[in-house]
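Q: Listed below, chain by chain, are the residues.
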Amino acid sequence: MRVLMLSWEYPPRIVGGLARHVDGLSRALSSMGVEVTVLTVEHPEAPRSEVVNGVRVVRCDSFRFPSPDFISWVHQFNVWMLEEALRTSSERPPDIIHAHDWLVAPTAITLKHLFRRPLLVTIHSTEVGRHGGIRSKLQRHIHGMEWWLTFEAWRVIVCSSFMKREVLDAFGLPGDKVDILPNAVTPLRGDLRDVRGRYAEDWEHIVLFVGRMVPEKGPQVLFEAAKRVLARRGDVKFIFVGDGPLREELLRKAEATSIPEKFYFTGFIPDEELKSLYAVCDLAVFPSLYEPFGIVALEAMSAGKPVVVSDVGGFSEIVEDGVTGLKVRPGDAEQLSSAIELLVGNPELRRSLGEAGMRAVGERFSWKVVAGRVLKIYRAVLSEYERGDWKPVTS
Amino acid sequence: MKILVLTWDYGETPLGKKALRDVDKLVERGHQVCVVHMAVLDYEKTGSNPTVYGVAQSVKEHVNEVTSAISALGDWARGISKAVYEWGGFDAVHAYGWRAGLPAVMAKMAFGGTVMLTLDGVKGVEDPVGGFERYAAKNSDVILVPSREAKRALVEEYGVNRRKVWVMGDAG
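Chains as they are written, first to last, in the working numbering: chain A, 1 to 395; chain B, 1 to 172.
Among the hints, erroneous ones may be present.
[Claimed, not checked] PhoX-like cross-link-like pairs, simulated, lysine-lysine; straight-line CA separation at most 25 angstroms:
| # | chain 1 | residue 1 | chain 2 | residue 2 |
| --- | --- | --- | --- | --- |
| 1 | A | Lys-391 | B | Lys-108 |
| 2 | B | Lys-108 | A | Lys-137 |
| 3 | B | Lys-45 | B | Lys-2 |
| 4 | B | Lys-60 | A | Lys-177 |
| 5 | B | Lys-2 | A | Lys-391 |
| 6 | B | Lys-82 | A | Lys-391 |
Hints were generated in silico from the structure; no laboratory data involved. These numbers were taken from a predicted model, which means no experiment stands behind them.
Please take these sequences and the hints and turn them into a complete structure.
A: Next comes the structure, spelled out in structure tokens:
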């Protein structure tokens with residue numbers, strides 16, 4: 001079986017969780033005998049074509065002439081992505097085209113029709129969900145692209161029941177067209193040496209946040225909770241990993257407190273450093289207000305760390321309250337501070353939650369498990385396709 | 001000869017009227033013609049010459065001309081797919097305007113054949129869509145333009161091979 005995977009993000013181009021998802025899925029499918037080609041956008045530190053762990057990766061141009069804005073740039077690279085796909089696949093088209101998110105919609109839909117091959121789509125988040133509604137012309141365009149991609153798809157994959165409800169509401173899809181498959185992670189095993197000392201004193205407990213520094217991820221909620229915790233005990237250090245518009249604002253607020261040394265805003269850090277931070281932290285906190293899935297919680301759990309998450313979106317489905325982590329009301333800094341203090345003061349609870357979380361990741365959220373389910377969907381789609389008359393043959 | 005005509009407008013604008021007149025002449029001369037154009041709703045006119053596939057633009061709201069033209073590629077592909085698999089394929093593609101030129105180049109890459117592109121003017125490299133027009137022109141086999149000035153712009157600004165550019169009085 002030949003699968004053409006389309007994604008604008010792929011390592012080393014890592015913007016959000018999409019790159020790691022496509023990478024993990026592609027590797028796992030390849031190990032199961034699927035011939036996977038990932039078509040993505042060029043990156044200065046990566047070759048235009050390579051084979052990584054059995055996956056063929058082809059990177060198209062992204063910039064042949066200036067674009068006035070991000071949305072025009074996205075459409076521009078779709079032309080070069082399409083050109084690359086036609087150059088490399090016209091003689092031997094894929095059996096399945098699998099597109100990830102609206103940014104590759106023009107390429108995916110054009111290839112579907114030119115090759116007459118089934119298109120599968122994974123929707124990782126929606127414009128409606130990201131912004132709590134559709135207000136501007138740009139948002140209406142992106143929403144339209146998302147609708148179009150899901151309309152043209154043979155099947156749509158989402159990562160949680162929460163996301164299924166969201167795509168059904170947003171795009172008016174029939175429920176039986178949408179499959180729920182969770183994200184997965186490759187277990188993180190970081191290097192402990194020297195890392196802890198760079199971030200905290202030996203006697204400090206490390207509370208770790210990882211995510212984009214945007215309101216929907218809730219770093220501002222954690223900041224308020226941290227102030228409450230620090231008012232009651234001084235042996236805690238809060239580390240915020242990630243970049244975004246809130247980073248500078250929270251940094252300024254931290255500097256305005258009497259204990260600025262208790263906050264550390266790292267900005268973006270390399271994967272290896274992140275793995276090490278997961279390994280040395282005492283607990284990880286993800287206080288999102290909107291969360292389609294929440295792969296960061298799986299990363300922390302796979303490192304054996306207890307998590308505190310807001311009871312929202314995908315987190316609600318990943319974490320079993322009191323068993324594999326603790327859940328708090330989204331946006332409730334007081335409840336969040338109580339949960340953090342409970343864990344900081346209770347090493348036995350941290351250990352039991354961490355171990356249970358790590359087990360859950362192995363059983364439900366490994367790439368072997370998830371890719372096996374994706375492969376089942378591919379086979380079902382190909383079986384339906386073979387029985388139908390929509391084929392690349394002339395009448 | 002089997003000719004696939006791609007045109008955004010089919011009769012409504014000067015370039016669309018030009019496409020309509022050209023199709024009539026091609027049919028008169030015995031060619032098999034299939035027209036794919038943008039329409040309000042998808043429709044088919046089959047069983048006679050020309051065959052016409054109207055395709056509606058799926059995404060209705062756009063930020064600028066680039067997002068409109070490129071998000072329409074999937075809609076063009078819906079029509080081209082019908083031309084290839086239901087009408088029976090083509091020997092040549094004739095595209096009217098740069099927006100139809102892009103799917104024409106894609107059709108050539110997927111299925112072969114030659115591409116003729118009619119332009120009613122040249123936007124130039126400073127225009128936000130000039131890069132796409134240049135791409136369509138450079139990847140076409142023959143380009144018809146309405147004036148020597150347009151030919152000069154194609155050759156000097158876009159770097160198009162002058163031997164494939166033809167000045168036709170009624171090209172625009």
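Q: Decide, hint by hint, whether the structure agrees.
A: Here's how the hints hold up against the structure:
1. A:Lys-391 x B:Lys-108: holds (19 angstroms)
2. B:Lys-108 x A:Lys-137: violated (34 angstroms)
3. B:Lys-45 x B:Lys-2: holds (17 angstroms)
4. B:Lys-60 x A:Lys-177: holds (24 angstroms)
5. B:Lys-2 x A:Lys-391: Distance ~21 angstroms between Lys-2 of chain B and Lys-391 of chain A Cα, so the pair holds.
6. B:Lys-82 x A:Lys-391: holds (11 angstroms)
In terms of the numbered hints stated before, the structure departs from hint 2 and from no other.
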